[in-house]
Amino acid sequence: MYKFNYHKVSSIEEAEKLLNEDNESKIISGGQTLIPTMKQRLASPSVLIDISGISNLNFIKEENNSIIIGANTKHSDVASSDLIRNKIPSLSDLAEGIGDPHVRNMGTIGGSISNNDPTADYPAACLGLDAVITTNKRDIISSDFFVGLFETALDENEIVVSISFNIPEKSSYMKFPNPASRYAMAGVYLSIFSDKINVSVTGASENGVFKWKDMEDILSKDLSVDNAKKVNLSPDGIMSDIHADSIYRANLVEVMAARAIENLK
Amino acid sequence: MPKVNINVNGENLSAEVEERQLLVHFLRDDMDLTGTHVGCDTSQCGACVVHLEGKAIKSCTMLAVQADGMNVTTIEGIADGDNLHPVQEAFRDNHGLQCGFCTPGMIMAAIDIINRKPNLDEKTVREELEGNLCRCTGYQNIVKSILAAASK
Numbered sequence: 000m001y002k003f004n005y006h007k008v009s010s011i012e013e014a015e016k017l018l019n020e021d022n023e024s025k026i027i028s029g030g031q032t033l034i035p036t037m038k039q040r041l042a043s044p045s046v047l048i049d050i051s052g053i054s055n056l057n058f059i060k061e062e063n064n065s066i067i068i069g070a071n072t073k074h075s076d077v078a079s080s081d082l083i084r085n086k087i088p089s090l091s092d093l094a095e096g097i098g099d100p101h102v103r104n105m106g107t108i109g110g111s112i113s114n115n116d117p118t119a120d121y122p123a124a125c126l127g128l129d130a131v132i133t134t135n136k137r138d139i140i141s142s143d144f145f146v147g148l149f150e151t152a153l154d155e156n157e158i159v160v161s162i163s164f165n166i167p168e169k170s171s172y173m174k175f176p177n178p179a180s181r182y183a184m185a186g187v188y189l190s191i192f193s194d195k196i197n198v199s200v201t202g203a204s205e206n207g208v209f210k211w212k213d214m215e216d217i218l219s220k221d222l223s224v225d226n227a228k229k230v231n232l233s234p235d236g237i238m239s240d241i242h243a244d245s246i247y248r249a250n251l252v253e254v255m256a257a258r259a260i261e262n263l264k
Numbered sequence: 000m001p002k003v004n005i006n007v008n009g010e011n012l013s014a015e016v017e018e019r020q021l022l023v024h025f026l027r028d029d030m031d032l033t034g035t036h037v038g039c040d041t042s043q044c045g046a047c048v049v050h051l052e053g054k055a056i057k058s059c060t061m062l063a064v065q066a067d068g069m070n071v072t073t074i075e076g077i078a079d080g081d082n083l084h085p086v087q088e089a090f091r092d093n094h095g096l097q098c099g100f101c102t103p104g105m106i107m108a109a110i111d112i113i114n115r116k117p118n119l120d121e122k123t124v125r126e127e128l129e130g131n132l133c134r135c136t137g138y139q140n141i142v143k144s145i146l147a148a149a150s151k
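Chain order of the listed sequences is A and B.
For the first sequence, numbering that gives the first Met the number 0 assigns the number 0 to the initial residue and increments by one for each residue that follows.
For the second sequence, numbering that gives the first Met the number 0 assigns the number 0 to the initial residue and increments by one for each residue that follows.
Hints listed in this document are in silico derivations from the structure and should not be mistaken for laboratory results.
Every value quoted in this text rests on a predicted model; they were computed, and no experiment measured them.
Keep in mind that a hint or two might mislead.
Using 25 Å as the maximum straight-line C-alpha spacing, the simulated SDA-like pairs for lysine to any residue come out as follows [said to hold, decoys possible]:
| hint | chain 1 | residue 1 | chain 2 | residue 2 |
| --- | --- | --- | --- | --- |
| 1 | A | 38 | B | 116 |
| 2 | B | 116 | A | 178 |
| 3 | B | 116 | A | 80 |
| 4 | B | 54 | A | 210 |
| 5 | B | 2 | A | 224 |
| 6 | A | 7 | B | 30 |
| 7 | A | 210 | A | 235 |
| 8 | A | 16 | B | 123 |
| 9 | B | 54 | A | 49 |
| 10 | A | 38 | B | 122 |
| 11 | A | 16 | B | 121 |
| 12 | B | 54 | A | 263 |
| 13 | A | 86 | B | 116 |
| 14 | B | 54 | A | 58 |
| 15 | A | 2 | B | 122 |
| 16 | A | 25 | B | 2 |
| 17 | B | 2 | A | 156 |
| 18 | B | 122 | A | 263 |
| 19 | A | 7 | B | 67 |
| 20 | A | 60 | B | 30 |
Model the full structure from these sequences, guided by the hints.
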């Protein structure tokens, strides 16, 4: 790791002030992606601003038919929350499938979505549940938030404060995890609302998480596995690597979509 | 260099550390608590698992400065004098270790699993060991040891 300065802050305002002072600074909370990246010298921030001590960013609550989760909330807390298990069980399942127990005890939802790894799980849930991401400056709807590969709509000095998920009638998340990293090689989040069906896909596209419109359209007419099998995902723009080429991966997405329909709850 | 105060195994330890120093190196190099191991150094193997505020974390993926003011428990802190912790005892009784390198992390992970999951079954133990690798491939007896400890 290259050298850096470290500040532990106790408020968003303090974090914002430090961010403004140095444009090479970075926010850290759980650090489960950032620290490994820095160890490999793939990132070299001049200053780390640790927001993990800001306690009012750590909460899970229900409000206006939504579940709102504070940015500092750890994956293990989402996985073990009775409220979430009761209202959006697929979100509990998703959190429980991230990395391993030790990583889940440190990693946070705010960090995961701010990083926007194209194979991360939470971005799929955000798009699937039309989540609104609240920052220190504004509210951003998920469809505007996730811009591309590791790219979000966040400004340089913008910090995620909380994420508000709409409670669906039913939902499910199915992923084919990479056996070593547990990142999604293909992950499909399916959610059913009274007026629409959302299908979002992670782990597959070269541009990161996306909404699968063709699948949404056909499932809106008839929600069945047989019907889903009529839709194919083009391998154009789908990631190819040693684990799966684009044709295989596109097929995996179709298989995960079918499993998501079978496992709605 | 910033000074950190970390309560390790019930004892307040303080040292000046570089910002970039990992918690595992604070434990091993500064405090001479070499029971916690560095295996892969890439957050995969779990040989470095310790408890932070009672929860299992990977000490190679945390900075020492992040742990300032917190409570850490390492493999050295779980036995009661000469009496082994029940999980340590179960590993000994069930031949849960071969070369022993992964064992500190396995035991710290196992204690966390048993704390969190009542009525453990084999499938759950195997799922929960996702973040711990044994290069001797001694999983069979590791799982057996954890189930034995859980039933005590």
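Going through the hints against the structure:
Proximity of residue 38 (chain A) to residue 116 (chain B) is assessed by CA-CA distance (about 33 Å); at most 25 Å being required, the pair is judged violated. This hinted pair checks out: residue 116 (chain B) and residue 178 (chain A) have alpha carbons roughly 23 Å apart, not beyond 25 Å. Proximity of residue 116 (chain B) to residue 80 (chain A) is assessed by CA-CA distance (about 14 Å); at most 25 Å being required, the pair is judged to hold. Distance hint between residue 54 (chain B) and residue 210 (chain A) is unfulfilled; the C-alpha atoms sit about 36 Å from each other, more than 25 Å.
For the suggested pair residue 2 (chain B) and residue 224 (chain A), the alpha carbons sit about 59 Å apart, so the restraint of at most 25 Å is broken. Between residue 7 (chain A) and residue 30 (chain B) the alpha-carbon distance is near 23 Å, which keeps this suggested pair within the 25 Å criterion. Distance hint between residue 210 (chain A) and residue 235 (chain A) is fulfilled; the C-alpha atoms sit about 15 Å from each other, no more than 25 Å. Restraint check: the Cα-Cα separation between residue 16 (chain A) and residue 123 (chain B) comes to about 45 Å, which exceeds 25 Å; the hinted pair is violated.
Proposed proximity of residue 54 (chain B) and residue 49 (chain A) is supported: the alpha carbons are some 20 Å apart, at most 25 Å. The hinted pair formed by residue 38 (chain A) and residue 122 (chain B) fails the criterion: a straight-line CA distance of about 34 Å is larger than 25 Å. At most 25 Å may separate the alpha-carbon atoms for a hinted pair to count; residue 16 (chain A) and residue 121 (chain B) exceed this at roughly 50 Å. Simply put, residue 54 (chain B) and residue 263 (chain A) have alpha-carbon atoms about 32 Å apart, too far for the 25 Å limit, and the pair is violated.
Distance hint between residue 86 (chain A) and residue 116 (chain B) is fulfilled; the C-alpha atoms sit about 22 Å from each other, no more than 25 Å. Taking the CA atoms of residue 54 (chain B) and residue 58 (chain A), the gap is about 18 Å. The hint holds against a cut of 25 Å. With a C-alpha separation of about 43 Å, the suggested pair residue 2 (chain A) and residue 122 (chain B) falls outside the 25 Å cut-off, and the hint is violated. Between residue 25 (chain A) and residue 2 (chain B) the CA atoms are separated by roughly 21 Å; this keeps the pair inside 25 Å, and the hint holds.
Of the pairs offered as hints, the one joining residue 2 (chain B) and residue 156 (chain A) is violated, with about 28 Å between alpha carbons and a cut-off of 25 Å exceeded. Under the criterion of a C-alpha separation no larger than 25 Å, the hint pairing residue 122 (chain B) with residue 263 (chain A) is consistent with the structure, at around 23 Å. Distance hint between residue 7 (chain A) and residue 67 (chain B) is fulfilled; the C-alpha atoms sit about 10 Å from each other, no more than 25 Å. Simply put, residue 60 (chain A) and residue 30 (chain B) have alpha-carbon atoms about 41 Å apart, too far for the 25 Å limit, and the pair is violated.
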